[in-house]
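K.L.:
Sequence:
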Amino acid sequence: MSKKSFVSLLVAFSFSFHLIAQQSAAYTSNTVDYQKALSLYNNQQYLAAQSLFGSVKKTAKEELLKSNCDYYIANCAVRLNQQNADQLVEDFVKNYPTSTKRNTAYVDVADYYFENSKYAHARKWYSKVNEDALARNEKEKFNFNNGYSAFSSKQYRDAKKYLSRVETSQEYGSQAKYYIGFMAYEGDDYDQANEYFDQVSDQERYKEKLSYYQADLNFKLGNFEKAIELAKERLPESDEEEVSELSKIIGESYFNLEEYAAAIPYLTAYQGKKGKRDRTGKWNNTDYYQLGYAHYKQGDYEKAISEFNKIIGGNNSIAQNAYYHLGESYINLDKKQEALNAFRYASQMDFDLKIQEDAWLNYAKISYEIGNPYQSAPQVLAGYLEKYPNTSYKEEIETLLIDSYITSKNYKEALKLLEGKKSFENKVAYQKVSFYRGVELYNENQYLEAESLFDESLKEPRDDKYTARATFWKAEADYNLTNFEDALIGFKQFQQTGSSTPETQNLDYNLAYTYFKLKNYGKATDHFNDFIDTKKDDKVRLNDAYLRSGDVHFVTSNYSNAIKAYNNAIKLSEIDSDYPAFQKAISVGYLGQSSKKIKELEAFISDYPKSKLRDDAMYELGNSYVKTNETDKAMRVYDRLNSEYRMSTFVPKALLRQGLVYYNGNENERALTKFKKVAGSYPGTPESIQAVSTAKLIYIDLGRVDDYANWVKTLDYVEVTDSELDNATYTAAEKQYLDGNTDRAIRQFNGYVNDFPNGLHILQAHFYLGQLYYKKGLVANAAPHYKYIVETSQSEYTEEALSRLSQYYLEEKTWNKAIPILQRLEEEANYPQNVVFAQSNLMKANYQLENFGEAVSYADKVLASSKIDNKIKSDAYIIIARSAIKTGDEDKAKTAFAQVEKVATGEAAAEALYYNAYFKNKEGKHEASNKSVQKLAKDYSGYKYYSAKGLVLMAKNFYALDDAFQATYILESVIENFAEFEDLVDEAKEELSKIKAEESKTNSSIQPE
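Taking mature numbering (1 follows the signal peptide of the UniProt record, and there is no 0), I'd label the letters of the sequence shown as residues -21 to -1, 1 to 988.
Just to be clear, a hint being listed does not mean it is correct.
[What the hints assert, rightly or not] Below, a list of computed lysine-lysine pairs in the DSBU-like style, where the Cα atoms sit at most 35 angstroms apart: (1) Lys612 with Lys656; (2) Lys904 with Lys935; (3) Lys118 with Lys15; (4) Lys471 with Lys852; (5) Lys910 with Lys444; (6) Lys80 with Lys45; (7) Lys881 with Lys852; (8) Lys904 with Lys917; (9) Lys904 with Lys873; (10) Lys496 with Lys514; (11) Lys107 with Lys140; (12) Lys73 with Lys97; (13) Lys391 with Lys923; (14) Lys923 with Lys314; (15) Lys276 with Lys910; (16) Lys496 with Lys444; (17) Lys314 with Lys261; (18) Lys871 with Lys923; (19) Lys314 with Lys366; (20) Lys444 with Lys917; (21) Lys923 with Lys796; (22) Lys103 with Lys36; (23) Lys754 with Lys438; (24) Lys865 with Lys391; (25) Lys871 with Lys914; (26) Lys923 with Lys881; (27) Lys755 with Lys400; (28) Lys796 with Lys871.
[Stated by the list, open to error] Label-pair restraints from in silico Cβ distances: (29) Lys543 with Asp718: 35 to 43 angstroms; (30) Glu464 with Glu374: 46 to 54 angstroms; (31) Ala114 with Ser34: 27 to 35 angstroms; (32) Asp512 with Thr480: 16 to 24 angstroms; (33) Gly399 with Gly260: 52 to 60 angstroms; (34) Gly362 with Asp941: 25 to 33 angstroms; (35) Glu648 with Asn459: 47 to 55 angstroms.
Keep in mind the hints are simulated off the structure, nothing from the lab.
Since the model is a prediction, treat every value here as computed from it, not as a measurement.
All residues carry an ideal CB built from backbone N, CA and C; glycine is no exception.
Work out the full structure, taking the sequences as your base and the hints as a guide.
P.N.:
Below, the structure is given as structure tokens:
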């Protein structure tokens, strides 16, 4: 070998040795660092370990070392909760498919999550483990950990699968049995739960938990005595929440053993279930029922009610039971309105048919006793009989049903229920109900409808008293319909019955008036005198009887007796004495005592400055002065009349009289001036016709016929050539009217109006047509004829036409048209009753148009009158009260409604009673308010709007009285039964939502809306 070769070899060897030494040093360094990293990992220094494992991996050449580094890097990431931890583990498994740590990686990650109580994460990784690759001791741990993770995640099927595998394990067996038992307990498999719990009951670690579960298990298995024993043993060692639950077990166990006194303190101690978010304990409907029933069985009805009435909206057998016993508790405390609602609710559920029937019976009986705001009492009673036709209470309920038709006063609905029922008892009831319904309609001025009901009552003459009464009131209806002949027959028939009903007291008065209308003045006088002799205590009617008696004597020219009657009326001083004073003065004149008549008329004009008869008196005084040749005085009085009463019907008469005075005094020009004034200002009136006729004579006397002809052409109501035909046509129509041939009269008067639109008798023709149509009930047909009259100049027909036309507009609810007509009637009427009519309807029309100030002003005018009856008083107070409500003056409204309540009937009375309850509610007098609502339900159930309105108020009262059941049930009933009143339904829904939201805070059975 050459030197060169040796050197070369030496160099090569030296280089190779250096290379091996370098590699050995690197390996040694990696091993040391790897061990350091492993030490850091084992000491839970995961971040430092992860960093060092990363450094080792970068220089590592061996596949095993790299895989180990990746394994620990991923494990550190898991323990450091790094975002990419799961991916690192997955990458490790993917990158090193043959690694022995592949399965271990899944187990390690799963165990880590398990040990840190992240059971859902643990389940994810346990599912990736290859169970077959695990050693035996690893399998037990795997099965327990996986099973417990599933248990904690409430995946009970998987939990039972894995835990069952270690039931016999020495290390895990006890725990597995406990959790399997608990899952059986949660799944209501109490026998299996008991079996597993018994196997671990000797172990100290489970004793504390098992004592509660075993008590509960025995309760659920019906071993109530054992449940009580176990729960009581556990009580001293329990915390507050467990004491609550154990108390519930003990209380319910005693309840099921019917040891109610023992149950009460434990049931009361229960604090309710606590939610995850809301840790405030809540009871449910069953909890309230049990405690309520326990109090009920002890006879402590107040406490029973306080629990039962917290059960809101229940719809199961427990709720039905609760509401039934709630009803019985109320009955025992004589709270019938509350009992009505409870029994009604129980009767609407069919979980227990016996309870349902008994609740129905109680509901029906109480409805009869106190009334029912949801349905009429007859409907309830009839409904019970329909549902339970074979009930042993049938005879009793049928008796109540018949009587309820009368006592409920809901005659309209009662008639519907009675239609077609053929039994004798029902026919008796039908006779009474149709009579009372007829009286209702009569009081509402619906005379035709009332008469048909009285006829219905008379078709079933079962009770003589009601036969007589229906006869009387039918006659009254005929009188108001101006069928005076029929009215007289009716009153006489009533007289022949010999009835002693209230109607008998005023029979002479009614007969007298009817004879008066028929112009049979002798009979009228007899009956007025009979009434006067027997009715000294009825001052209002006695006063009227004196007046009408005076009128009868007056029209029969018996002026001395007329004066006596008028004097009696004046002495009575019951109402304004202007009318009898005026009539007395006129009567004196007819007796030929002219100077005395003048003095009395002068005194009348002075003494009665506001009398509606003052213009009459002026006219009569002027006439009296003319008769005594005191023409200057006469002219002054006529001028005064024309000046002070421009709208009076006596103005054209006075002007005509002045013209005649001038004519008789040969002052023709002055006479023509007056006659032309009458003819031009009051066309078509009888005075204008006479003025034209007399003016014609003057023109003829003066030889100025052309002037007359030219003047007459300006008067379109004068048709000189057709006067004879005009008179003949009118007379023929009038004869049919006087003979009572209504349809012929209508036909002929229409013919006259069409043929002579400006005829001599056109005013009378329109008036009679109006009256004829009105009598037939064809008010719309009558209206144009009355309108014609009111739009022409003042006449003797104006007042009646104003009255009738205003009635038509009022019935049509055309308030704006009614008001000006009513204002004219108020101003121009001579009859006091027409003034009252105008004022009372002006207040109503203004109220409808929301002119509340005007409405109240007219109501005050009405109340100031001494001539009004209770119906008009009621209407006036109602207007004042409603206006006050609308304008927010509740103090005034309260006072006015209190007055309404004293005098009102029908709907007005229902409204007043509602406000009675309303104001008591506002004052916090909730029980008193409810009593008013109960009275409203009993006496005025026919007026559904106020019944429903009262119910909403009652619900508010009950909630203020801590009775949530009554409040919610009533509101739900309003929503269900009164859909036609949207405003009340909306109010009820709003109130119900508030209550449920509040009650849901303590009752888990209630869902807020």
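K.L.:
It remains to establish, for every hint, whether it holds in the given structure.
P.N.:
Each hint, compared with the structure:
{"no.": "1", "hint": "Lys612 with Lys656", "in the structure": "21 angstroms, holds"}
{"no.": "2", "hint": "Lys904 with Lys935", "in the structure": "12 angstroms, holds"}
{"no.": "3", "hint": "Lys118 with Lys15", "in the structure": "31 angstroms, holds"}
{"no.": "4", "hint": "Lys471 with Lys852", "in the structure": "32 angstroms, holds"}
{"no.": "5", "hint": "Lys910 with Lys444", "in the structure": "34 angstroms, holds"}
{"no.": "6", "hint": "Lys80 with Lys45", "in the structure": "12 angstroms, holds"}
{"no.": "7", "hint": "Lys881 with Lys852", "in the structure": "10 angstroms, holds"}
{"no.": "8", "hint": "Lys904 with Lys917", "in the structure": "20 angstroms, holds"}
{"no.": "9", "hint": "Lys904 with Lys873", "in the structure": "15 angstroms, holds"}
{"no.": "10", "hint": "Lys496 with Lys514", "in the structure": "22 angstroms, holds"}
{"no.": "11", "hint": "Lys107 with Lys140", "in the structure": "17 angstroms, holds"}
{"no.": "12", "hint": "Lys73 with Lys97", "in the structure": "25 angstroms, holds"}
{"no.": "13", "hint": "Lys391 with Lys923", "in the structure": "12 angstroms, holds"}
{"no.": "14", "hint": "Lys923 with Lys314", "in the structure": "23 angstroms, holds"}
{"no.": "15", "hint": "Lys276 with Lys910", "in the structure": "29 angstroms, holds"}
{"no.": "16", "hint": "Lys496 with Lys444", "in the structure": "28 angstroms, holds"}
{"no.": "17", "hint": "Lys314 with Lys261", "in the structure": "29 angstroms, holds"}
{"no.": "18", "hint": "Lys871 with Lys923", "in the structure": "26 angstroms, holds"}
{"no.": "19", "hint": "Lys314 with Lys366", "in the structure": "26 angstroms, holds"}
{"no.": "20", "hint": "Lys444 with Lys917", "in the structure": "25 angstroms, holds"}
{"no.": "21", "hint": "Lys923 with Lys796", "in the structure": "31 angstroms, holds"}
{"no.": "22", "hint": "Lys103 with Lys36", "in the structure": "28 angstroms, holds"}
{"no.": "23", "hint": "Lys754 with Lys438", "in the structure": "25 angstroms, holds"}
{"no.": "24", "hint": "Lys865 with Lys391", "in the structure": "31 angstroms, holds"}
{"no.": "25", "hint": "Lys871 with Lys914", "in the structure": "23 angstroms, holds"}
{"no.": "26", "hint": "Lys923 with Lys881", "in the structure": "21 angstroms, holds"}
{"no.": "27", "hint": "Lys755 with Lys400", "in the structure": "33 angstroms, holds"}
{"no.": "28", "hint": "Lys796 with Lys871", "in the structure": "30 angstroms, holds"}
{"no.": "29", "hint": "Lys543 with Asp718: 35 to 43 angstroms", "in the structure": "36 angstroms, holds"}
{"no.": "30", "hint": "Glu464 with Glu374: 46 to 54 angstroms", "in the structure": "47 angstroms, holds"}
{"no.": "31", "hint": "Ala114 with Ser34: 27 to 35 angstroms", "in the structure": "33 angstroms, holds"}
{"no.": "32", "hint": "Asp512 with Thr480: 16 to 24 angstroms", "in the structure": "21 angstroms, holds"}
{"no.": "33", "hint": "Gly399 with Gly260: 52 to 60 angstroms", "in the structure": "58 angstroms, holds"}
{"no.": "34", "hint": "Gly362 with Asp941: 25 to 33 angstroms", "in the structure": "32 angstroms, holds"}
{"no.": "35", "hint": "Glu648 with Asn459: 47 to 55 angstroms", "in the structure": "52 angstroms, holds"}
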